[in-house]
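Asker: Residue strings, one per chain:
Number of protein chains: 2
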Amino acid sequence: MRWSEFFIKTQRYPPADEESANAKLLAQGGFIGKLASGIYTFLPLGWRVLNKIENIVREEMSLAGGAELLMPSLHPKEIWTVTGRWDSLDILFRLKTNSGSEYALGPTHEEVLYALLAHHVKSYKDLPFSLYQIQTKFRNEPRAKSGLLRGREFRMKDLYSFHESDEDRDLYYETIKKTYIKIFSRLGLNAILTEAPGGTFSERSHEFQVIAEAGEDTIYYCVKCNLAVNKEIAAGDSTCRKCGGATEEAKAIEVGNIFPLKEKYARDFNLVFKNKSGANQLVSAGCYGLGTSRVMGAIVEVAHDEQGIIWPENIAPFKAELITLGSNGSANVSKEGERIYKKMLANGIDVLYDDRREAGAGEKFKDADLIGVPRRVVISAETMKKKKLEIKKRNGKKMELVSEEKLFKTLGAKK
Amino acid sequence: MRWSEFFIKTQRYPPADEESANAKLLAQGGFIGKLASGIYTFLPLGWRVLNKIENIVREEMSLAGGAELLMPSLHPKEIWTVTGRWDSLDILFRLKTNSGSEYALGPTHEEVLYALLAHHVKSYKDLPFSLYQIQTKFRNEPRAKSGLLRGREFRMKDLYSFHESDEDRDLYYETIKKTYIKIFSRLGLNAILTEAPGGTFSERSHEFQVIAEAGEDTIYYCVKCNLAVNKEIAAGDSTCRKCGGATEEAKAIEVGNIFPLKEKYARDFNLVFKNKSGANQLVSAGCYGLGTSRVMGAIVEVAHDEQGIIWPENIAPFKAELITLGSNGSANVSKEGERIYKKMLANGIDVLYDDRREAGAGEKFKDADLIGVPRRVVISAETMKKKKLEIKKRNGKKMELVSEEKLFKTLGAKK
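Protein chains in written order, with this note's numbering: chain E, 20 to 434; chain P, 20 to 434.
Keep in mind that the hints are not guaranteed to be accurate.
Any copy will do: because identical chains look the same in the list, a pair fits if it lies in one copy or spans two.
No more than 25 Å apart at the CA atoms, straight line, and that leaves these computed lysine-lysine pairs for BS3-like [as the list claims (entries may be wrong)]:
hint, residue 1, residue 2
1, 144, 385
2, 425, 201
3, 425, 406
4, 416, 406
5, 416, 53
6, 281, 28
7, 417, 406
8, 383, 144
These are calculated hints, taken from the structure and not from any lab test.
On a predicted model such as this, the values are computed, not experimentally measured, just so you know.
Given these sequences and hints, build the entire structure.
Answerer: Here is the structure:
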């Protein structure tokens with residue numbers, strides 16, 4: 020992709036009205052644009068990162084047997100009164116039309132899904148199954164803040180699984196635990212499996228927490244065996260209940276939350292199936308959330324320096340950025356830039372080519388560090404004289420002069 | 020994909036509360052589920068079709084130079100008062116929170132985009148560019164009806180282009196006209212380019228209309244030269260104003276609408292750039308909509324028979340459906356089914372395998388016709404005896420017995 024064709028609009032300074040690192044750097048780097056408190060546009064660069072995150076999540080959900088669907092955001096009041104959450108959920112956006120119809124904007128989709136399943140689940144032969152979506156959600160947060168960490172409109176993956184028995188659901192719950200660990204590993208994010216309260220539905224749940232100062236949660240984790248517990252349910256003593264090791268307190272960002280719904284909503288919606296004995300039985304369910312836009316914010320919180328973002332390899336907007344220097348009067352450099360760029364594309368390398376003619380070397384280097392592509396490749400009159408190209412990792416200091424052949428090998432050319 | 024793993028829930032009868040062919044067949048076939056009037060869930064089968072439609076649109080938008088982004092759905096009232104549309108747009112969903120914040124739910128995104136661009140467009144060097152998104156939209160339709168043809172919540176692609184001059188914009192407008200023609204052709208949909216009124220912004224616009232009884236528009240088209248005009252601006256006589264040929268009247272579904280926005284919103288948001296003479300000038304723009312979920316509905320309206328849907332090749336949920344018959348006591352057929360299914364996957368064939376053990380031949384054939392996959396492949400004790408497989412096009416009557424080799428060749432095996 021050429022810089023000039025991708026609407027990349029970096030700013031000289033971070034926005035004055037943001038405090039968190041992710042909000043500042045993502046806005047300055049042209050990844051997001053703020054529309055209102057907690058409401059952001061994903062600009063092409065940011066949308067590209069979010070897509071990479073969501074595609075990794077999608078692949079792993081599919082491997083875990085989930086079928087993808089898309090439920091609506093506009094929910095008639097009736098289904099929310101069935102569960103009592105029309106009144107009890109304070110973050111629910113509610114609206115009433117002139118003709119008197121009332122709707123909630125979906126912050127989560129148990130109500131929609133259970134209403135739907137009443138038509139489709141009849142027998143134990145219909146179970147188990149799991150369904151998920153990756154979708155925009157709405158929550159009327161009183162204090163939307165911290166950029167992508169707590170928004171009024173945000174992106175989320177929500178998976179729901181349905182089972183004959185709690186035992187079967189518990190087995191699947193363990194599968195998804197492993198799937199989440201794999202997802203966060205692929206995303207380049209160290210997310211700690213943490214015991215957490217179960218909310219209104221069940222006694223226990225698990226969160227995936229990323230240690231970061233910007234986090235709103237507090238966790239205690241054992242330095243010896245890694246057991247982690249959310250402060251809300253921690254006993255408060257300073258030793259690990261499992262191994263007796265010392266525990267440390269840390270601020271953390273919750274990027275995922277999985278919990279057994281048990282029969283709670285099945286009871287509300289009378290979601291029953293005929294079991295093997297022919298009797299009606301309530302469906303047992305689990306639900307598994309993962310905030311994809313929050314993951315994007317959390318990664319920036321833990322992976323940046325004073326110059327900008329340092330994207331992990333798998334979700335960087337591009338794998339490499341190609342820069343040509345000294346375009347004024349150096350037609351040869353431009354020509355060489357075009358040749359290398361086209362060769363990169365032909366070799367399947369995911370490259371951003373900073374082809375701006377009006378930008379100087381300083382601006383191009385500053386922007387490259389800001390947007391945080393993992394590898395920077397430079398072509399200048401000097402490198403051409405030496406018949407080499409300069410390559411540098413974003414997360415490193417060493418610049419290397421390499422041959423064209425070595426460069427393509429390093430970048431993992433497919434051909 | 021196996022039938023048993025994709026949450027395909029066909030119904031014996033179409034829903035009683037729907038009238039249009041698309042609403043009936045898509046619900047009966049397990050593509051969509053109705054939550055409320057004009058509000059549908061895309062079930063895995065339907066989501067798969069919609070994704071194929073949207074990916075074709077995405078590819079062509081990208082080829083036309085568009086960069087993809089995602090704008091929010093929750094719009095603060097302030098930006099809608101700038102254009103006066105907070106009050107004038109009757110289909111706008113408006114909501115007010117307890118703390119007094121007012122929002123609109125995005126039916127279109129000029130307001131959001133122009134507010135964003137005020138930060139990013141400064142000089143003629145920043146122009147031209149084009150941005151698009153594929154997104155869920157909201158319209159408070161007084162009479163939501165006809166399934167996916169007119170919804171309160173629906174999917175749409177909206178592209179916006181920005182230019183130094185009307186001349187440059189007109190050139191791009193012609194490019195997008197050609198792009199749309201290509202898109203509809205790839206989607207297997209005969210959409211007629213139709214002259215239409217310009218709304219509040221400009222004197223002219225163009226619609227892409229699909230002739231169908233379920234359509235809400237009326238167009239006049241020339242049987243000789245194909246010139247088509249929306250009834251709203253037609254002069255009313257029965258001869259073509261271009262070639263003098265006879266015109267015919269037809270009901271039609273509008274699946275796309277492109278029009279020049281000119282300087283309308285640039286004036287509202289003071290979106291100016293420094294032109295080559297250094298003077299401030301208003302940005303000229305065009306906007307280009309395409310209803311992706313409506314396209315899905317329109318295709319069903321024009322491509323079905325009494326048995327079900329007949330999906331065009333490119334957007335069918337699967338290219339082929341594999342059916343094994345007589346599973347009771349015929350372990351050989353099941354085994355052969357598994358072998359052929361795995362070979363299809365290994366050969367990159369997009370196949371749905373109806374592996375249901377409890378379903379009989381009649382049910383499997385009925386469901387195959389209902390969900391409308393282009394090619395049906397059958398394995399039975401009989402075909403095995405002949406060392407052949409049976410293949411039949413959904414849109415044809417002839418069943419053919421072919422060798423395994425011929426089958427894979429017909430299905431376009433990649434290996």
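Asker: Please go over all the hints and tell whether each is borne out by the structure.
Answerer: Going down the list of hints, with the structure as the test:
Taking the shortest Cα distances, residue 144 and residue 385 sit within 25 Å of each other only across copies (21 Å), while inside one copy they are farther apart (60 Å). Taking the shortest Cα distances, residue 425 and residue 201 never come within 25 Å of each other, neither inside one copy (31 Å) nor across copies (41 Å). Within a single copy, residue 425 and residue 406 get their C-alpha atoms as close as 12 Å, which meets the 25 Å cut-off; across copies the closest is 53 Å, which misses it. For the homomeric pair residue 416 and residue 406, the shortest alpha-carbon distance inside one copy (22 Å) is at most 25 Å, but the shortest distance between copies (66 Å) is not.
Proximity of residue 416 and residue 53 under a CA criterion of 25 Å is satisfied in neither setting, with 33 Å inside one chain copy and 57 Å between copies. Taking the closest pair of Cα atoms, residue 281 and residue 28 come within 25 Å of each other only across two copies (24 Å); inside a single copy the shortest separation is 48 Å, beyond that limit. Proximity of residue 417 and residue 406 under a CA criterion of 25 Å is satisfied intra-copy only: 19 Å inside one chain copy versus 65 Å between copies. For a Cα distance limit of 25 Å, the shortest separation of residue 383 from residue 144 across copies, 17 Å, qualifies, whereas the shortest one inside one copy, 60 Å, does not.
Hints 2 and 5, counting from the list given before, are not met by this structure.
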